[in-house]
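Chains A, B, C, D and E, in that order, give the protein sequences.
Last residue of the first sequence? That's 627 in the working numbering, and every number before it is there in order.
Last residue of the second sequence? That's 722 in the working numbering, and every number before it is there in order.
Last residue of the third sequence? That's 1213 in the working numbering, and every number before it is there in order.
Last residue of the fourth sequence? That's 1691 in the working numbering, and every number before it is there in order.
Last residue of the fifth sequence? That's 1887 in the working numbering, and every number before it is there in order.
It is worth saying that the hints were derived from the structure and are not from the lab.
A virtual CB, placed ideally from N, CA and C, is assigned to each residue, including glycine.
Hints may contain errors.
[Claimed, not checked] Where chain C lies over chain D, by a calculated footprint (3+ residues, C-beta under 8 Å):
| # | segment |
| --- | --- |
| 1 | 1352-1358 |
| 2 | 1584-1598 |
| 3 | 1627-1634 |
| 4 | 1679-1689 |
[Stated by the list, open to error] Anything over 12 Å on all C-beta distances counts as not near chain E; from chain D, calculated:
| # | residue |
| --- | --- |
| 5 | Tyr1216 |
| 6 | Asp1268 |
| 7 | Pro1271 |
| 8 | Leu1473 |
| 9 | Gln1502 |
| 10 | Arg1558 |
| 11 | Gln1610 |
| 12 | Leu1621 |
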Amino acid sequence: MDQLLAYIPAFPLLGFLILSLFGRNLPKQLIGVIGAGTVCIAALITIVVGIAFLQTTPEGGAFSQLLWSWFRVGNLSIDISLRVDALTLVFIFIITFVGALIHIYSAFFMWHDRDYARFFASMNLFVCAMLLLVMADNLVLMYLGWEGVGLCSYLLIGFWYEVPSNCRAANKAFLITRIGDTALLIGLFLLFQELGTLNIPGILQRAPDYFASGSSNIELITILLLVGGMGKSAQMPLQTWLPDAMAGPSPVSALIHAATMVTAGVYLIARMHVLFQLSPVTMAIVAIIGAITLLVAGCSALVQTDIKRILAYSTISQIGYMFLALGIGAWSAAIFHFFTHAFFKALLFLAAGVVIEALHHEHNIFMMGGLRKRMPVVFFTFLAGAAALSALPLVSAGFFSKDAILWYSWSAANGNSFLWLIALAGAFITALYSTRLMLVVFWGEMKTPIHEQPAQGMVIPLIVLAFFSVAAGFIEWPHNMVHLTLFSDHVQKVLPETVMKQGLPSEYLFQAIAAFMTFAGVYMGYMMYYGKPGVRWQQSPGLSATREFLFSGWKFDQLYQFLFVKPFVFITRINKSDVIDRMYNGIAQASLRLNSWFSISQNGSLRLYIVGVLAGILFIITLQLLL
Amino acid sequence: MVLLVATVLFTLGLIGVLTRKNVVFMLISVEIMLNAAGLAFVAAGSRWEQPDGQVMFLFILAMAAAEVSVGLALVLQIYHQHKTLDVENLKELKD
Amino acid sequence: MILVWMIGILLVGGIACWLVAQRNTFVCRWIALIAVITAFLIPVGWYVQHQPVIVAGDNWLVHFQADWIPAFGISFHLAMDGLSFIMLLLTFLLGVLAVLCSWNEIREKTGFYFFNLLWTLAGIAGVFVAMDLFLFYFFWEVMLVPMYFLIAIWGDFNRRYAAYKFFIFTQTGGLLMLLSILALYFIHGQQSGGNYTFDYFALLNTTMVGATARWIMLGFLIAFVIKLPMVPLHNWLPDAHSEAPTAGSLILAGLLLKTGAYGIIRFVLPLFPQASFDVAWFAMLVGVVGIVYGALLAFAQTDLKRLIAYTSVSHMGFVLLGVFAFREIALQGVVMQLLTHGVSTGALFVLAGMLKERLHTRDINQMGGLWTAMPRMGGIAMVFVMASLGLPFLGSFIAEFLILMGAFPVSPVLTIIASGGLVLSALYSLRIVQKVFLGQAQTVGEPPRDLSAREWVIMASLTAAIIFLGLYPQPVLDMVRNVIGEMVVRR
Amino acid sequence: MTYQQYLALLPFIILATAAIVVILLIAFRQSHTVIQVTGFMMMCGVVLAMWYVRDTLPREIPPLFVVDGFAALFTGLIIFSVLVVGLLSYIYFEEREENPKEYYILLFLATLGAAVLTISRHFISLFIGLELLSVSLYALIAYLRNRNNAVEAGVKYLVLAALSSAFLLFGMALIYMETGSMEFSAIARAIDAAGMSVLFVMGIGLIVVAIGFKLALVPFHLWAADVYQGAPAPVTAFIATVSKIGVFAVLVRFAEAIHLETYPLAVTIFTVIAIACMIVGNILALMQQNVKRLLAYSSIAHFGYLLVAFLSGEAGVGAAVFYLLAYSITLLSAFGIITLLSTQRRDADDLSGYRGLFWRSPLMAAIFTVALLSLAGIPLTAGFPAKFFILTAGVQQNMWLLAIVLVLTSVIGLYYYLRIISTLFAAPPLTPVKERTLHPFFYFATYASLVVLMCLLAWIGVYPGFIVENVREFLLIH
Amino acid sequence: MSTLFYISSLVAIASTIMVITRYHPVHALLFLAVSFLSVGMIFLSLGAPFVAALEVIVYAGAIIVLFIFVVMMLNLGRETAQQEKEWLKPKVWVVPSILVLILLAEMTILLFQGPDQAMQVSVVDPRKVALSLYGEYIIAVELTGFLLMAGIVGAAHIGKHQRKELHRFLQNGEEEKARQLREPESVTNEQTVLHD
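With the hints as constraints, model all of the structure from the sequences given.
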């Protein structure tokens, strides 16, 4: 079974190579088949591997495969080797399975695009890189995947490169995540300096003995890793790139900016959980960042008008939940939320893509409306996704995962009421904007005529995903209801169990409050948006200023523009011609000046020349007199 | 003492070369300087009671003659070409 | 003897090109190509033959020694170790590509052009194998003159200025180095009781103390860091690179800069271990300043070749940082950086040259949207832009990773700032792609044609090289392990 | 005088005879060509004679002369230069002057003067050699008296040379006054016995003026550019090489005899002069558009470099000889090109006339380029080992200040050499320049000899060992 | 003897000052003759009668005549004097003179720093000079011949003029050239005669 691992990323890579080298000469059908097919094969292999894993847990808790030695210098030895343990298995399952669905969807969605081959090449490369990220056996290889997904994200956000704003968005995404990546890299250096290895098992094994809990080194390392994760996962304050990243095609948003890549930070922290557990401060920071992010992004989602931006902010917010869960030590809850989120958010994006495509690339939700009757399949699938997003109790996968996070945010040893309140508020807001989205898009009058119905091939993935959005939650029930904890049992082969507080109130109470908040959100949304075309209540000046503020994503962009971009551009502009060059030109000028001075002496006058001789002899004689 | 006289003559010649603009005068002044140098040689020769000083003087004499002859030929040419003997007019070769 | 052959073939080939070009420029090109390829095949063939020996790890693989000016203890001493071997491979690889990319670009005075090209390559190859300091200096200068002609004759509009600047800067350094070489020569001669020699291996045994060593070392170091180049001695580079013809830029960026780094590794560190250790902190600081400063300047440029030139300044800052960290990891990274920077920046210059050939401008504000017309070139450009910003699976990452990794324990603060350079490198690199290939297509005139077969070969080989270096750098690392190891031990 | 002494003087006697022979040939109304060929043969005769007497050296001819290896070397250099200058003169004068024959008399007389300088060990011979050289040069410079401001150049040179001779004489007189002898070695003995005196040092100071003038050292250099520009190109070449070689030879001999390095004042003076030469010469040349003037300035700088070797005492002599050899070959080839390019109206001294020469006449441009690179001291040309040996000498004596100034000023120097080279390789002007086809044989001969010079430059540049060995061997004969 | 020396020294210096300050060339040359004659007297006082005679014959005789000849030929008369008067403004000569006087002062100081020898007069007779000249210095004499030859050839060549339009005073140029040729020769002859 170990030998199968390499094929999982290898197939998408193969697809990438074929498509990038020969893509433009292949017929479209073949491109679609190669593009989607390779990922489907990867998904199948994953399932085979997964079944094997579940049947008999391999020795050491992981399959691993050494491909070749990458580089060995001194005591640094980095291999290209893959490793699949329980945690990785969840991730590769999502990547390949959801990835395959999205690829199938894209094969139809992108049919009319000129650069069909380029799209699939990039997507395949992305899948490959993402798989490497999660399957890497050492942090350097993981970093390779980490940067690889960044590259693909860049390529795909800027897929329609003729539009300058798309390219800007792509650049922004790459740069901001790059800041995080650099921090991660420095973290690796520090880690290597301390532990002398970058192998993940090695690190996890050595760290507890080596680091004292809470020592400054481990704090520093974990904070650096955290910053890396924040960049990729669009957490405060590095979140600003994600809403802009919606410039890419919808399947890209679904795969990269919802399901997989943006959760790389979650993966990183979960993967390095041993280190994080050694540093309580960082854990607290993780939780706080998650909490703040979920609230901030949720508020922004409330007022967006672009359907994809709403979803983008909601993604940030949901990842905030995951960070919160990680921060309080609810490891499996975080991963579980990732698991369900991947399904419903991919679903929402894909469905949104269908809507947008159907309405002539109309992104503004207030220009949509009344699609319930016209596009029933899309409506029902979207509804399933939105329900999961707003965590409708029991009928949605989102409920099970989010409820766990809410519960642990109070009850886990690291949790507290403050975090819980924020999470609760977030749940309310989530329900509110989900309802808003549903009502504005699918109810009311139709404002833009429907241009085309989705192809069959696009609908099937939607339905599959909708099924999972509803059903994925059933594998993990809250403790107080059905004792079915398949997911956490599985994940806890790798991740530790959550440490709980003593003497907690009944879990039912919390579930009830959470359910209430959700319904309150839904109800409020219903009150505000049902049957009300437009948003009259927004017209009071105070509210519109708030709306404006939230709409712009809390003005983070403007702040960064002011703090970093402008000074940077200013410095580079004024120094464009290189001040140091001026110094050398100065030397040259001085020589020329000297030349013109000396040249005066060569004015052709014999008498001056005689004076020169006289000056010489005077110099000599005076020197003699003086010495 | 003789050396002092020679030095004074020498420097007077030097002043002449420096201040006069007429090429002929410059040549004359150079002759004065050469003569002064000759004087110094003769004085030195007489100090050491050797004939060498006087021999050297003879050579100086010959050299002065040769030089003056070429110099004056040049003066003639200058006068042909420039119609003046002012050295300040000879400034065509310069930077 | 193969070393002599390599250099000799290039020299003779150059003259042959010049002579033949009077009659037939076509034959002249082929002569040039064949000469370089032969020179390339010699070390490759040798490697294939002697692989076990290399693995066994004798540092000095090939020796050649002959008398030259015995009166001054000067001999014609060539030798090759792993480092030299790697640099030679790079030299000839880029040499072949340089010939190829001048194939159609140079229409005038072809013969003289290839003469200069081959002689430059010969000089560079000589620098990498000369083990007599006089000979080293000799080759050091020999590579300058033809390079000067390449810039001054076939360069762009501002070529004379650039050529002067290039020559004068490097010559200043060179002469200071000459002074240092002489000082070393005499000190060694006096120490060894009148055995005056310029031989590298003999001079290694010179013991120097304090200020003497420092001054002599500085003479060497200045020459090398000018070539490298180090901020603030870098000013010749943007001008020379941007004005040179494509092959010239390729050789400048790919090879000439490397001679500086090679010099530091080969001469400065082993000859003056203590003195160079004393300035290490400062050198690292300057290296980091170079990384940041070069990146800032690169970002501001609108001239494509100038932009790429400043990225070289930035990347070479890593070399300085790595060398003076005195760690095996960092030094290995430096060697990798030499290779990968040679390949990647060389490729970018070739691309810039191709763009200039098509668009007749180097101003990136006048480009844009070229991906539509030239997807192949765009894809290739993307690869090398990514290499320039240090994306893993391309060689540059390995290099920079190792350098930073090695330098980190020595000076965490500097390393962190240098890592910040990675963010800046993303800034300027993406700017290239964005300005040139993305955005609205310029609709003026006919769309430029995509890569031709010849260009495709050039770019494909460079791409293959950079990816190979990124995924399997171990052969290179093994090749220089002993060399580097010895150096670290010496220290 | 014994037979042996006469034998030792044989080369010089032949040289003197050459002048007489030319007079006779003129008297018998022989053609320019005959004179040229005869002169050439005579010069070859000098070289052969030198070779012939080589084994009998060293030989003293008291009190005036000593013929040793050193003298042989320098005389060889001088004769070699004159051979080339003579060759250049033929095509130069043939079409410019209806009366080119006296030129050869003067040329050989001047050469005789320079040669006498190399063997002189006495003030009288020094003085006579110098004056023989100078007086001939006055006439040579102004030889084309209707052209090129030659007369102006001649007068400038004459007045200044006479002035400097006066200084020389006065200085000699002072030394003679102090020591009672005019022979170098006797002077040294007298000084050793009596100790250094003020007058003696002052005498040296005054002699420096004359030497400095002849070698065009700063601040006695002001004439150089004007005279170089005004004089006919071959004569300029002569001034730049032969006259300076001769004077430098006697300077070295004098300095060695009296151990000049033991006088701090003299060392200081020469150091200051050397530095000034290097700086002023190079800076003056920076923007110069006239090639002859530029070469004048560059020669000022080069003698600054040479003084570095001179100041390093005995160790530097070999370096200096080598340097002079490289320098002469280089300058001769440069002036050869100037001569070849000169038109009937004027010398080819304007830099703009050289624009694109490489594309019109590659070989000429190649020769010129090699010469310029050699002047700049770039490897593969003779200038490089030359400069290298000088630096070696300087560093060996720990003259770091001079060495560093040398290095930095050579960098400045690079600029103007490169400027010319760039011009040679620039795009040619549109108007085609007509090729001269006069005197095919001599034209060809000149061309060929320039090519030989170029090859020589390259050969010495790549393999200086041969020359170094021979120079050493010769210098041991004394 | 020393009285003679002092007097003639003073005369020499005074007349030399006159030489360099005269405007009229002929006046200056006459003072130059005086100067040379007094230097000849100094020679006599130093015990060198032979050179004293030569000073008078060659310098005062031949060379000054040569000058006067040229002056006459170019008709440098009152006009030149007028010109000289204009040229010799104080601002022209003050600075050089001061410089030279500084030089003089310095040299004088140095002269007096040296050991002061009492002036002794010992006659070196012509015979001794002649023996020396034709003994050890014979080659130098030969070379002097070459020197003079260079002077003659040079003067002869340069003195020629090819211009078609001749100055009115120079229309009989051939003759003048011949004279120039003759003058240096006369010097050689004199020497030869004297040494016989």
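Do the hints match the structure? See the list:
1. 1352-1358: violated (count 0)
2. 1584-1598: With 6 residues closer than 8 Å to chain C, the segment 1584-1598 of chain D meets the three-residue bar; holds.
3. 1627-1634: Result for this restraint: holds, n = 5.
4. 1679-1689: That given contact holds, which follows from 3 residues of the segment 1679-1689 of chain D lying within Cβ reach (below 8 Å) of chain C.
5. Tyr1216: It holds; D/Tyr1216 is separated from chain E by about 15 Å at its closest Cβ, greater than 12 Å.
6. Asp1268: 23 Å, holds
7. Pro1271: Non-interface label stands for D/Pro1271: nearest chain E Cβ at 17 Å, farther than 12 Å.
8. Leu1473: 19 Å, holds
9. Gln1502: 29 Å, holds
10. Arg1558: 15 Å, holds
11. Gln1610: Given that every Cβ of chain E is farther than 12 Å from that of D/Gln1610, nearest at about 29 Å, it holds.
12. Leu1621: About 32 Å separates D/Leu1621 from the closest Cβ of chain E, which puts it past 12 Å; holds.
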